[in-house]
Amino acid sequence: MSGLGIWNYVIFIFLMMAGLYMVISSTNLVKKIIGLNVFQTSVFFMYISFGYIDGGAGPVLAEGVTLYSNPLPHVLILTAIVVGVATTAVGLALTIRIKESFGSIEEDDLHKMDPSI
Amino acid sequence: MNDHLILRVVGKFLIPYVMLFGLYVQFHGDFGPGGGFQAGVIFASGFVIYTLLFGLRSTQQIVSEGFLRVISASGVLIYAGVGVASMLMGGEFLNYNVLAANPIAGQHIGIMVIEFGVGLTVASTMTLLLMMFAERGLPS
Amino acid sequence: MLTHLPVLVVLAPLLAAPVAALMRGAFAPWVVATLVSWFSFVCSLLLLAQVSDQGVIVYSMGGWEAPWGIEYRIDFANALLLVLITGLASIVMPYARLSVRHEIGDERSPMFYAAMLLLVLGLCGMTATGDAFNIFVFLEISSLATYTLLAMGKDRRALTSSFSYLVMGTIGGTFYLIGVGFLYVMTGTLNIADLAERLPALSDSATVRTGFAFIVTGICLKLALFPLHLWLPNAYTFAPSAVTALLGATATKVAVYILVRMVFTVFGVEFSFVTIPLSDVLVPLAIVGLLSASSVSIMQPNVKRMLAYSSVAQISYIILGIGMGTAMGLTAALLHVFNHGVMKAALFMALGAVSYRMGGTDLKHMNGLARTMPLTFWAFVIGGLSLIGVPLTVGFVSKWHLILAAMELGWWPVVVVILVGSILAVIYIGRVVEAGFFKEPEDSTRREAPAGLLIPLWILVIANIWLGIDTRLTVDIAEAAAAQLMAGGVVR
Amino acid sequence: MAVSGMLVLTGKGNKMTVLDILSGILLLAGCSLGVIGAIGLIRFPDFYTRMHAAGVTDTLCAGLFFGGLAIQFGLTLASAKLLLIFLFMLFTCPTSSHALAKAARHGGLEPWTKTGSGAAHNMSQEGAKS
Amino acid sequence: MIVAAALAILVAMSMAIVRALLGPTIYDRILAINLFGTKTVMLITLIAALAGRADYLDIALVYAMINFIAMIAVLKFFEYGSLGHAGSDGQGE
Amino acid sequence: MVLEHLIDISLLVFLAVISVALLRIKDLFAAVMIFGIYSLTSASLFMVLAAADVAFTEAAVGAGISTILMLATLSITGREEKTIERKFKLLPLLIVSITGAVLLYGIRDLPPFGDAGNPAQVHVAPRYIEQSPVETDVPNIVTSVLASYRGFDTLGEVVVIFTAGLGVALIIGRRRRLPSKKEASSHE
Chain A
1 MSGLGIWNYV
11 IFIFLMMAGL
21 YMVISSTNLV
31 KKIIGLNVFQ
41 TSVFFMYISF
51 GYIDGGAGPV
61 LAEGVTLYSN
71 PLPHVLILTA
81 IVVGVATTAV
91 GLALTIRIKE
101 SFGSIEEDDL
111 HKMDPSI
Chain B
1 MNDHLILRVV
11 GKFLIPYVML
21 FGLYVQFHGD
31 FGPGGGFQAG
41 VIFASGFVIY
51 TLLFGLRSTQ
61 QIVSEGFLRV
71 ISASGVLIYA
81 GVGVASMLMG
91 GEFLNYNVLA
101 ANPIAGQHIG
111 IMVIEFGVGL
121 TVASTMTLLL
131 MMFAERGLPS
Chain C
1 MLTHLPVLVV
11 LAPLLAAPVA
21 ALMRGAFAPW
31 VVATLVSWFS
41 FVCSLLLLAQ
51 VSDQGVIVYS
61 MGGWEAPWGI
71 EYRIDFANAL
81 LLVLITGLAS
91 IVMPYARLSV
101 RHEIGDERSP
111 MFYAAMLLLV
121 LGLCGMTATG
131 DAFNIFVFLE
141 ISSLATYTLL
151 AMGKDRRALT
161 SSFSYLVMGT
171 IGGTFYLIGV
181 GFLYVMTGTL
191 NIADLAERLP
201 ALSDSATVRT
211 GFAFIVTGIC
221 LKLALFPLHL
231 WLPNAYTFAP
241 SAVTALLGAT
251 ATKVAVYILV
261 RMVFTVFGVE
271 FSFVTIPLSD
281 VLVPLAIVGL
291 LSASSVSIMQ
301 PNVKRMLAYS
311 SVAQISYIIL
321 GIGMGTAMGL
331 TAALLHVFNH
341 GVMKAALFMA
351 LGAVSYRMGG
361 TDLKHMNGLA
371 RTMPLTFWAF
381 VIGGLSLIGV
391 PLTVGFVSKW
401 HLILAAMELG
411 WWPVVVVILV
421 GSILAVIYIG
431 RVVEAGFFKE
441 PEDSTRREAP
451 AGLLIPLWIL
461 VIANIWLGID
471 TRLTVDIAEA
481 AAAQLMAGGV
491 VR
Chain D
1 MAVSGMLVLT
11 GKGNKMTVLD
21 ILSGILLLAG
31 CSLGVIGAIG
41 LIRFPDFYTR
51 MHAAGVTDTL
61 CAGLFFGGLA
71 IQFGLTLASA
81 KLLLIFLFML
91 FTCPTSSHAL
101 AKAARHGGLE
111 PWTKTGSGAA
121 HNMSQEGAKS
Chain E
1 MIVAAALAIL
11 VAMSMAIVRA
21 LLGPTIYDRI
31 LAINLFGTKT
41 VMLITLIAAL
51 AGRADYLDIA
61 LVYAMINFIA
71 MIAVLKFFEY
81 GSLGHAGSDG
91 QGE
Chain F
1 MVLEHLIDIS
11 LLVFLAVISV
21 ALLRIKDLFA
31 AVMIFGIYSL
41 TSASLFMVLA
51 AADVAFTEAA
61 VGAGISTILM
71 LATLSITGRE
81 EKTIERKFKL
91 LPLLIVSITG
101 AVLLYGIRDL
111 PPFGDAGNPA
121 QVHVAPRYIE
131 QSPVETDVPN
141 IVTSVLASYR
151 GFDTLGEVVV
161 IFTAGLGVAL
171 IIGRRRRLPS
181 KKEASSHE
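These protein sequence lines map, in sequence, to chains A, B, C, D, E and F.
The opening residue of the first sequence carries number 1 in our numbering; numbering runs sequentially from there.
The opening residue of the second sequence carries number 1 in our numbering; numbering runs sequentially from there.
The opening residue of the third sequence carries number 1 in our numbering; numbering runs sequentially from there.
The opening residue of the fourth sequence carries number 1 in our numbering; numbering runs sequentially from there.
The opening residue of the fifth sequence carries number 1 in our numbering; numbering runs sequentially from there.
The opening residue of the sixth sequence carries number 1 in our numbering; numbering runs sequentially from there.
Derived from the structure by calculation, the hints contain no laboratory data.
Just so it is clear, the structure is predicted and the values come from calculations on it, not from any experiment.
Do not take every clue at face value.
Listed next, the in silico SDA-like pairs over lysine to any residue satisfying Cα-Cα at most 25 Å (straight line) [claimed, not checked]:
| # | chain 1 | residue 1 | chain 2 | residue 2 |
| --- | --- | --- | --- | --- |
| 1 | F | Lys26 | F | Asp109 |
| 2 | F | Lys26 | E | Leu7 |
| 3 | A | Lys112 | F | Leu91 |
Among the chain F residues that face chain C by a calculated CB cut under 7 Å, a handful are [claimed, not checked]:
| # | residue |
| --- | --- |
| 4 | Tyr105 |
| 5 | Pro119 |
| 6 | Val159 |
| 7 | Ile171 |
| 8 | Arg174 |
Pair by pair, the computed Cβ-Cβ distance ranges are [as the list claims (entries may be wrong)]:
| # | chain 1 | residue 1 | chain 2 | residue 2 | range |
| --- | --- | --- | --- | --- | --- |
| 9 | A | Thr66 | B | Ala101 | 30 to 36 Å |
| 10 | F | Ile9 | C | Gly410 | 53 to 59 Å |
| 11 | F | Glu80 | D | Val56 | 47 to 53 Å |
| 12 | F | Glu130 | D | Thr76 | 26 to 32 Å |
| 13 | D | Ile21 | A | Thr66 | 29 to 35 Å |
| 14 | C | Gln54 | A | Asp108 | 54 to 60 Å |
| 15 | C | Ser295 | F | Arg24 | 39 to 45 Å |
| 16 | C | Pro277 | F | Arg108 | 39 to 45 Å |
| 17 | A | His111 | B | Lys12 | 45 to 51 Å |
| 18 | B | Phe13 | D | Ala80 | 15 to 21 Å |
Every residue, glycine too, gets a C-beta built ideally from N, C-alpha and C.
Work out the full structure, taking the sequences as your base and the hints as a guide.
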């Protein structure tokens, strides 16, 4: 089981790094935001795995169930998902304005227009 | 989407059920998965479908942006208001126990009202977000 | 009512922000914002008094006691920070009226003030809370408000600067989240005091160390420590003046506070400076950052940008103090957090007044300012002297303590670096002063900034001098805070 | 995951009733339809044929599958919910398939023919964008 | 039996992903995503049955709904280039 | 239990494949759609990990709202990512490798996956599970923790949403478009 657990975490880290790489290396602003989302989602997986118990039911009380998984990470991640979508919305709004005032959403183009960006 | 007649008909038919489902999720959140946030998003998707099928202007005739802003702010105020009420009634901020004679009843009232506040803010803000994004996309 | 003080500080802007957002025109929301920030300021002052009377104040949200619910835990360090944030907010808000009308326009003012209130709310919430995850939530509130406010600048580059801050800030916030997750999985708690109790037994764990690394890196992104500071200069340069004044003075300071709280309270001095050689990382970065940012700021043609780089340098001083890992160093760091907030706000407000009259903040706009806008200019000069660290100003107090702390450790090269940093500050402030006194203005008619800008500005300038002469208040509190933090801060 | 899962489903039941067998048949039929549709999605030469494979099987596959599960759940709220989901999909799946096909036709995507297969393959994204 | 069902769904999902990644036209991707969505709904109902929780079926319903909305949004974007557009009749423009 | 692991592993592999595809794809429209698949898959993964509420939210938010907002953005900004010559970027790769290596170091000492005796499962959480029916009488523990025990976090969450709405309204809200903007956008 522990081997499987480690395998889980390794994939989460892979996803995290794929997201982070997308954020840092893409020049397109929309792509950056997608990357941010991927990055954050993989962190959410990590949290939920922290609260997972083998054979534990979802934390909704039911007859005859004694083992529940940990509700606290779920609560935290609910909040974090909301934060993520809020950031996404503001980021996309900024992207629209950047497109309207610079005519491009490619970081390279923006940099060419104004080296200080 | 005038040329997608079938889509329009089916979509229009589904919208009330989607919103009903949103209400179900809102008030069933105590017993199963769901709650104010999810309900708000689902309720907002009713407006999303309408906007997609019939255009932004039609949606704006149903709900104005100003109205949505009021709702969005009032959700926050309702939530914080529960906290203030519990402070005024002698408990800590957001201590629902003091809201009723019996702590359990107080918790029920508190959770119900704040979930309602969450639902209001989320539903209105999500609709508002979509409307603002769609507005920018229309040819001016 | 006094028992509710910790939450009232945060609650007032929380209730006011939605109300302000719904108002019409520019005047009503401004009144609301100003009154609310004054109210919060009074609350924080009372809170500080309460802390010095009764020691640590604990307030359990929802009546659920600590590890299960969220608690607010106020000691000297956060009381001091709360006074700084709300105090500066209550000075910047009155100041904002004219500059917002000038830079934002009446139409968007209500939402602008609401965003300012949300920023204050987020910063206060981060400072007051005693829960590691609650910090993240309020961090994101303040960040979202910041992204919005930064994008309000007139220059179109404000948008790109805001976007890059959004990306960096989100990465920083997520790093912090990863770190807190690692701590949670090892201890099962999110409460800071509880974490502090449980972590020492786990100092060997690779997971805890990784958590530490991620938390520190995430916060350092937010506080713009040297190699991670790239978002800051543009953000400060293109933001509206009122926003720059509030942000430049408070946002990074709160991040510093979170760093201090994490390093000293949660992980403890033992873990942070002995098990993990934090000093070996922070001190070199701070020194390089200090020298490079100061040098870069000398070359800036835009005074606002120059001050932004100087902010990076000043943050390096603070990090230097933290990196020493001693009570003296921490005292100096906390002092500088407070004092730098006061002086940077004054400087940015003075620049806002210049931009209000002259239409820009380039060096050429400063020409002959001593004649055209003498009051504004003298305010700038005093702020600048404070930045350099001239005696009788606040800047001197904190630098003096920093030098004392370095000498206590026998770090003579660091003392030299601090002095060199001050000399560099003399050069970059000197350029502006030279332009103001000796260059000919294009139009030498006297056009002082309006009283609405000058009065708040001069209140801060007087605070600069007063706190520089009467050092008892700040130094005592900072020393008490440092003592509490060094002791682990877990005072049950 | 709960240990109190449905015993029959996990194969730990001691007796197989007629209903179990029926539900098994429904499940297997549904799933094989799903796989067939997916294979079609991969193997067929152009969009319209793929749509034929996927769109046609999709609803029936879901219907059979839900029917199988509903038998397992018995006459409870769960079966009612399954029925609701099925009804929802019954309306939406064909609708979206129809809309998609129509959009593709309007977008200028030509059906594949044995002789003119090149046309379909030239239909790159740039072409479809118009 | 249930294992076979789960396997079948997973295989179908993986094929849908392959089609979504390969394209070649954008319509193929949309179709693949639609198929993927319905298979996800089936997977969720399967998980709900495994856990014996009727509550989880609500989530399957949300999936079906989101799938439909995303579908309309994609089509709308694709045909009209904007989400707020009313359509070819120009109503309300 | 084998079946759940099977589903778990398959979903993880799907996610890994999708994330690589997202990195490589050039058409932003396709990227957004594939991101939709990513969200749906991640929501299924949350279901497998017994987090129904999270799956609910992720499906509604990630696959629903985020995707639609991204599509709305693309309808304004255009859907092609500029094809630049693929420069080999050393710095991002370096940063990512270092971060990944630190994380891999960090998971060495993690408590065993899914064990009921982990510190996180024995310290704070049991109170929620045992006392929540008594103290709040709400069967869904996630709701009771969300709304009561950690209600202040949720207040923060609502404020976050409100802030996002306010921010977007300030940034792209309806107002007269300035002619200078159009000039600026026309010179490309």
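Status of the hints after comparison with the structure:
Restraint check: the Cα-Cα separation between Lys26(F) and Asp109(F) comes to about 39 Å, which exceeds 25 Å; the hinted pair is violated. Pair hint Lys26(F) plus Leu7(E) does not hold up; C-alpha atoms about 32 Å apart against a cutoff of 25 Å. Note on Lys112(A) and Leu91(F): the hinted pairing holds, with a Cα-Cα distance of about 20 Å set against a maximum of 25 Å. The restraint placing Tyr105(F) at the interface with chain C holds, with a minimum CB-CB distance near 6 Å, inside the 7 Å limit.
A distance limit of 7 Å between C-beta atoms decides the matter here; for Pro119(F) the minimum to chain C is near 4 Å, and the interface restraint holds. At a threshold of 7 Å, the smallest CB-CB gap from Val159(F) to chain C is about 5 Å, leaving the interface hint in force. The restraint placing Ile171(F) at the interface with chain C holds, with a minimum CB-CB distance near 5 Å, inside the 7 Å limit. Contact between Arg174(F) and chain C, as hinted, is not supported at the beta carbon level, the nearest pair being about 10 Å apart and thus beyond 7 Å.
For the pair Thr66(A) and Ala101(B), the supplied restraint of 30 to 36 Å holds, since their beta-carbon distance comes to about 33 Å. Take Ile9(F) and Gly410(C): their Cβ atoms lie about 57 Å apart, and the range 53 to 59 Å holds. The supplied range of 47 to 53 Å is broken by Glu80(F) and Val56(D), whose beta-carbon atoms lie about 33 Å from each other. As the Cβ distance of Glu130(F) to Thr76(D) is approximately 28 Å, the hint placing it in 26 to 32 Å holds.
Judged by the Cβ atoms, the range 29 to 35 Å given for Ile21(D) and Thr66(A) holds: they are separated by roughly 33 Å. Between Gln54(C) and Asp108(A) the beta carbons are some 58 Å apart, a value that agrees with the proposed interval 54 to 60 Å. The hinted range of 39 to 45 Å is satisfied by Ser295(C) and Arg24(F), whose Cβ atoms lie roughly 41 Å apart. For the pair Pro277(C) and Arg108(F), the beta carbons lie near 20 Å from each other, so the given range of 39 to 45 Å is not met.
Checked against the hint of 45 to 51 Å, the C-beta distance between His111(A) and Lys12(B) comes to roughly 47 Å, which is consistent with it. At about 20 Å, the beta-carbon gap between Phe13(B) and Ala80(D) stays in the expected band of 15 to 21 Å.
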